[in-house]
Amino acid sequence: MKNKQRVARHGRLSRWVAAAAIGLMALVIGAPSAMAQGNEKVDGQTYVIGTDTTFAPFEFRQNGELTGIDMDILQKIADDQGFKVEVRSLGFNAALAALSSNQVDGVIAGMSITDERKEIYDFSEPYFESGVQMAVAKNNDDIKAYEDLNGKTVVAKTGSEGETYAKSIAKKYGFTVKSLDQSATMYESVKAGSAVAVFDDYPVLAYGIAQGNGLKTVTDKVPGGSYGFAVNKGKNTALLAAFNDGLAEMKANGEYQEILDKYLSDPSASTPGNFFDLAAKSFPALMTGLWHTLLVTAISFAIAMVLGLVFGFMKLSGNIVLRGIATTFVNIFRGTPLLLWAFMFYFGLPQLTGWEISVWTAGVLTLSLNAGAYVAEIVRGGIQSVDPGQLEASRSLGLGYGKSMQKVVVPQAFKMMTPSLINQLIISLKDSSLLLAIGFGELLYQGQQIYAANFRVTETLIIVGVIYFIAIMALTKLANYADRRFNK
Amino acid sequence: MSAVTEQSSQLKIQVKDLHKSFGSNNVLKGIDLDIREGEVVCVIGPSGSGKSTLLRCLNKLEDITSGQVIVDGFDVTDPKVDINEVRRHVGMVFQHFNLFPHMTVAENIMLAPVELKKMDKAQARTRALELLERVGLKDKANARPASLSGGQKQRVAIARALAMAPGIMLFDEATSALDPEMVGEVLQVIKELADSGMTLVLVTHEMGFAREVGDRVIFMADGVVCEQGEPEQLFGNPQQERTRDFLSKVL
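Residue numbers (our numbering), protein chains in the order written: chain A, 189 to 676; chain B, 1078 to 1328.
Incorrect hints may appear among the rest.
Pairs of lysine-lysine, DSS-like flavour, derived with a Cα cap of 27 angstroms [what the hints assert, rightly or not]: (1) K595/A <-> K1268/B; (2) K591/A <-> K1106/B; (3) K603/A <-> K1217/B; (4) K1106/B <-> K595/A; (5) K595/A <-> K1215/B; (6) K595/A <-> K1326/B; (7) K591/A <-> K1198/B; (8) K1093/B <-> K595/A; (9) K595/A <-> K1137/B; (10) K595/A <-> K618/A; (11) K1326/B <-> K591/A; (12) K404/A <-> K423/A; (13) K591/A <-> K1268/B; (14) K1157/B <-> K603/A.
If you want the ones that stay clear, here's a sample from chain B, every Cβ over 12 angstroms from chain A, calculated [to be verified]: (15) N1161; (16) E1184; (17) D1256; (18) E1258.
Hints were generated in silico from the structure; no laboratory data involved. A virtual CB, placed ideally from N, CA and C, is assigned to each residue, including glycine.
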């Protein structure tokens, strides 16, 4: 690693000198005013920056706080240049999609600067020189070199340099590359034996091994590209310039090296605690996640009930147009995956309309429209299950259609619908975990954040599972109690 | 409407050339019928003859295909008529009671007067108890319909239909779904209504009752009125072959 860093610094020395020279010249010539102008553009501004969820040591959560090399560099530069950042940890692909749709102003996510990416984004000066390394399970003594991979499967992170490198040599050494989304899941699949080796960025691997992820490196690092901070092509030029200025400053005064040393030379000395320590430590973050899960479910289900009543009645209407609209609504949202709509609302809609859409709005839209389609069917079925004689009796008394529905049919239908509605509520609660794909901070997402930093995937998932189970059991009991209470 | 009212001062129901079809199935093929105020009319005939459909056309529970129906001065075939207003003048009792299972007996009766702003809740409850007393079920006011016997249910249904003080009552095979030992108690209540001078139209299979209570008996077959007259005359000396055939089977 040291070797690599030396190479990196050496390679960039000339550029560095040039930058320093230009800076010095600026100071001499136009000096204070020119400097002040550069900062003025970003001074006091708040920028939304997207990042990965799980790319330790560049970004990961420790006690609920997002930390890591990227975060420290970004914060230091922001402080230095006088702007504020609002960091959204979305996941790597999601962060890039958010950048393309102008949902975020910039992305810092341990992202390699590649020619393809340069065509759609503007990159800062490189802030980290990376490389790829291969690791295998600690107890695996069969794989010592690429030659041993013949006929085997390896894993790499989707869109990463490790993936590019692994694929470039896959044919030569006769192995298969399987792409996964997160470092933690890659390490788990190597430990579990579904892949024999992992190709990953060396700082990530080194950090993970030091955290006790159960792997060991067996090959030399392959020098790779550089990491850069990205903005959308032609946008946020002031932010990019400020980032470059701040980075140069940090490198000059040694703060940059301090940050690297903090994460790479001395990877966290904390020894892994037992299961209950893990549970206690992750509890606050998981409770935040649970709260978000419950809240987004409650809001979405309330909206779904309204949608379901409206469309359910429309499906029963004699008017062919109303019936057609309701049937179309139900078919569309029942006939397409929930996750597709989450992506559509969060990434697609802003690009189509230019609106800013928060992850909450996108999450509630997704869940409520999906559940609304199912509730509409429950409502239709419930109303149709009421004996038509009930409506006739009410109408024969001189009550209008609306009144008859409200006083006679719907109360009976609701009683029959209740078990199905409770069922749908629980499905919606579980479905809300899919929103982690757009970076919504619900329970499973918080769990991912935790195991991304400590690599204790199985234990963390057990804890998350237990919390889901308890929450759903409690909700079921509560709903059944309410059912007995109000539907005597 | 005023013109209609004038020419029919003592006629409660007028039916003129009423046709009703369900798709291609012609159920009523031209019915003419006048019913005077206070008259008790029993409609008999084989199943499928259109008796119930005729009754359900009188308060427009069925859409009318063609012809005219005037009830209590309202032309129910006029699309502008407020059918809910008409129905408040016409009580209806169904074969299967159709009590509201999620309400108590008293609430079943109170629903229409309260929701239609005819009475406040206290008044409606007093009225409900009076009606329940009339059908002999005052002690069941707070019971749920599910806990009642068939005969009791039908008596509650009659009380409910009376809640808006209608001038006309329609009975659609009101005793057909009852166990034999419960038929009597329901017929007793209907007889009391007849004696009170209310206009009644009953679709029934109870020939003895029709003979005893009816002012007029109508025999329907194949969607037309085949024969009608006073009970003694129709039951004792039917003129039509079709009538004689039917009566020979049921009597």
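Hints violated by the structure (listed by number, smallest first): 1, 2, 4, 6, 8, 10, 11, 12, 13, 14, 15 and 16
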